[in-house]
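Just so you know, the sequences run in chain order A and B. 136 is the number of the first residue of the first sequence in this note's numbering; add one for each residue after it. 136 is the number of the first residue of the second sequence in this note's numbering; add one for each residue after it.
Think of the hints as simulated: they come from the structure by calculation, not from any bench. Just so we're clear, the structure is a prediction, and the values are computed from it rather than from any experiment.
Note: identical chains are not told apart, hence a pair may lie in one copy or across any two.
Dumping the calculated DMTMM-like pairs for lysine to aspartate or glutamate here, alpha-carbon to alpha-carbon at most 25 Å: (1) K475 / D624; (2) K151 / E161; (3) K570 / D478; (4) K420 / E392; (5) K265 / E461; (6) K165 / E154; (7) K570 / D474; (8) K265 / E189.
2 protein chains.
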Amino acid sequence: SNNSNNSNSIAVSDMKDGELLKEVLELVLKEKLVTGMDTKAKVVQFKQPQELQEVLDLSVCNDESSVQEAKLILRQVLDYSVKTQHPHFYNQLYGGIDEVALTGAWITEALNTNQYTFEVAPVFIMVEHKVISYLLDLFGFTQGDGIFAPGGSISNMYGMVLARYLHQPDIKRKGIFAQKPLVAFTSDQGHYSVSKSAAWLGLGMDNVVAVPSDEQGRMLPKALKEAVEEARNRGHTPFFVNATSGTTVLGTYDPLEELADVCSEEGLWLHVDACWGGSVIVSKKYNSLLKGIERADSLSWNPHKMLGLSLQCSTFLTRHKGLLHECNSARATYLFQQDKYYDASYDTGDKSIQCGRKVDAFKLWFYLKVHGIGQLRSRVDLAFEASRYLAEQVVSKEGFRLVQQPECTNVCFWYIPPSMRGQPETSEWWGRIAKVAPEIKARMVKEGRMMIGYQPLACKNLVNFFRMVTTCTPVPTSTHMDQVLNTIDTLGTDL
Amino acid sequence: SNNSNNSNSIAVSDMKDGELLKEVLELVLKEKLVTGMDTKAKVVQFKQPQELQEVLDLSVCNDESSVQEAKLILRQVLDYSVKTQHPHFYNQLYGGIDEVALTGAWITEALNTNQYTFEVAPVFIMVEHKVISYLLDLFGFTQGDGIFAPGGSISNMYGMVLARYLHQPDIKRKGIFAQKPLVAFTSDQGHYSVSKSAAWLGLGMDNVVAVPSDEQGRMLPKALKEAVEEARNRGHTPFFVNATSGTTVLGTYDPLEELADVCSEEGLWLHVDACWGGSVIVSKKYNSLLKGIERADSLSWNPHKMLGLSLQCSTFLTRHKGLLHECNSARATYLFQQDKYYDASYDTGDKSIQCGRKVDAFKLWFYLKVHGIGQLRSRVDLAFEASRYLAEQVVSKEGFRLVQQPECTNVCFWYIPPSMRGQPETSEWWGRIAKVAPEIKARMVKEGRMMIGYQPLACKNLVNFFRMVTTCTPVPTSTHMDQVLNTIDTLGTDL
Ligand SMILES: Cc1ncc(COP(=O)(O)O)c(C=O)c1O
Ligand SMILES: Cc1ncc(COP(=O)(O)O)c(C=O)c1O
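Just chain A, with the same shape it has in the complex (with noise of 0.2 Å):
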């Protein structure tokens, strides 16, 4: 930056106004963190824990830097994180960010208010209310209530809460001691923040049943209707199913029509978790996944994941109208006095498990509200496309297993390396196997050529394989996709 090559040496206390959101803003626009990275960018200059130590200066003093020196940390930062923006990271259920979001983002951070007042956060305040009543009827609940939680665990977590509200109140100020076990049943392949919310709410991880999956990852209704039956006849009490649309290793979508029918039978709190696949609401192509989701009495998304939005923007969605607030609120007087000077039902913060809390809904508003609708569809639409593609490439290219076919947009897949092609496929065969993806992980990563996760899947049997995820941001190419094969093909070419 020219306009302060003259003040490096001088202390941040004395350095010109906005001297260092300045050379953020440059460092981004260099690196082209909003803006598509090149390909051929590293995704990551990778240094083992150690090493990174020993580059950083993490030590804390009593004197104050130089400019030069905060800039010289900013600069570092940059150079030694991972480019979630990469074309070719994959690795997790979210990307790089979306320039609008980030403005959204950057507004609100500088702003530096509270999402529980009208008084404190006027404009948020709106803004939250409007976005909250648009996503209700986007999911097709005709009323209702919901609120941004700090990520998908606690937005998960407020389904269980209010589904234990509804079916028993006085547990609010009484507690759940002294009385029959109640549980709550996700499927096998269900994210684990289920059994951690068990595990905080006093539950307990062994209340939660895994009810069995089909081959490719739908929780069975039959198996539920059976499971819930069970529980009661052991003398415990259902109470709470949560359903999955995208799961998180396989990407599949549970049947919502068939496990609503059997809530409705059984009288249970339906919760779908579509933190992961709930973005496809908005594509007329895929959205019929996440048929029935109307029916569910709340649910879960993460914009943070594959829209491009930063972390952290997760909603909650209930259709019990006034169920967040009866069942969560304290009524602190020193926050939400009934004598203010407007009308204080727009105070959102009694709803809430949380006091304070950081303004998630602007930034989703804004990329909403400018990018439009249509533009978000096909984005979406991309990202599904471009799993598509992939999975046909893997299918037909030599060296390369489908897990199975896509419904979200997680490809899962084995690579076989030459040395082992055509074999009989052995446990011994599959333990080789197993050590494969970990192996060409390693590689990229030290090349710093790509990301990709793995993972085993221990309750269908399967040995380590890449779950390779495509995202919205930056938007996915078959051009990139053919890139990973090949990548993958070179690296593990002598295992």
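Starting from the known structure of chain A, fit chain B with the ligands onto it as the hints suggest.
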């Protein structure tokens, strides 16, 4: 912005790279959001919810916006948002944003990643480890562990969950059914998050005992001792004491040494909620308010309150090494593979109740590193000194009455309008005083001059009084303090 005027009418998808980001930077600098606003600027341009809804176009539609439309939204957000950076924003336990902290927040948002694994957040993981060990040391824990949580309420919940786990590890798997109630203790001045936590965790709000405090609002150790015995006599099981270091309204500090004595006699976990008052740890002049904090089992501290870091930045620390992981882990194999290309013990995600976790540590570390501890110390001292100065003026100025001498930077006082001075202070008189603060507050907000909180305190039999709070950003001066009292006097003179 000059270089973009001509491109305003084009669609956002065709705009120049970074155009909206540049606009945010320009707005932030123009409005002086990080550099000391003028006291003459408005703290808020107030509109009622309905009016605001008419000014803003909150609709979401199919088509994308033009650059001009997007910029108009940003402009409106600034126009109608509360300026927490205004020197006369004293409404909450936080203020404006510090520029260095904002720089840290912006770069983390741009890099959009997740604080769960070294794999996707190498720099941020090393920074979090470093800052946690720095904080353990700062608070006098000779060993331990910690985590950044999305706010103090959830940090407090971590304390309660760990205490429960240490008390009875099988709760993680079995839940708390079929056992005697577990009981938590906090003072009648404690934050409501302790009750909300108990509701979520299945203990129930009735199983949080509100221990009486002395006249200044400090928990009475003797009363705690009695309450614990009483709970045992009822057949209940005490397990957790929450002490507050800096209460929300009065800003008092519980006597930690004496409470630690009770806890060690009774075998109870001592958690210190230092969310608000913990920042005083860096002050040589005032840090004796935290005397004994190193004896706590855990503590919560929110840098996002007094220090000027943007929401969210909340830390949870415990001196029980390994316990966070033991208590919270679920060992998800898709995320925490043990066959990684680096030492997976650096991964932090399984200590957390969250899965995806926003990077909140970096901005704190960057703030500490760049400002240096020396500067931080003098900022905290300035915030405390402004509160002492204000309290003195309240005592000496006609028409003002101090509720009590401040400990933290909360200054609580009544304004007595001229027409009510020198009269017998009957309950009818107090009834009229109760209406003064809300009325003055409404007037100050409608004129946009300043914002100060007020509330009653029923358990101390106090009617609505102002709670004026000074923080580190912007730096509060004695001139500002004088202006506050003069403004209140002017606004309330006819009441
Ligand atoms: C004493 C105290 N503890 C905890 C909290 C909760 O912190 P947060 O708003 O970050 O959830 C507050 C909030 O004001 C507080 O005053
Ligand atoms: C299906 C599913 N649900 C919930 C979550 C949790 O979301 P978060 O990471 O925002 O807590 C995840 C995370 O990957 C997920 O895959």
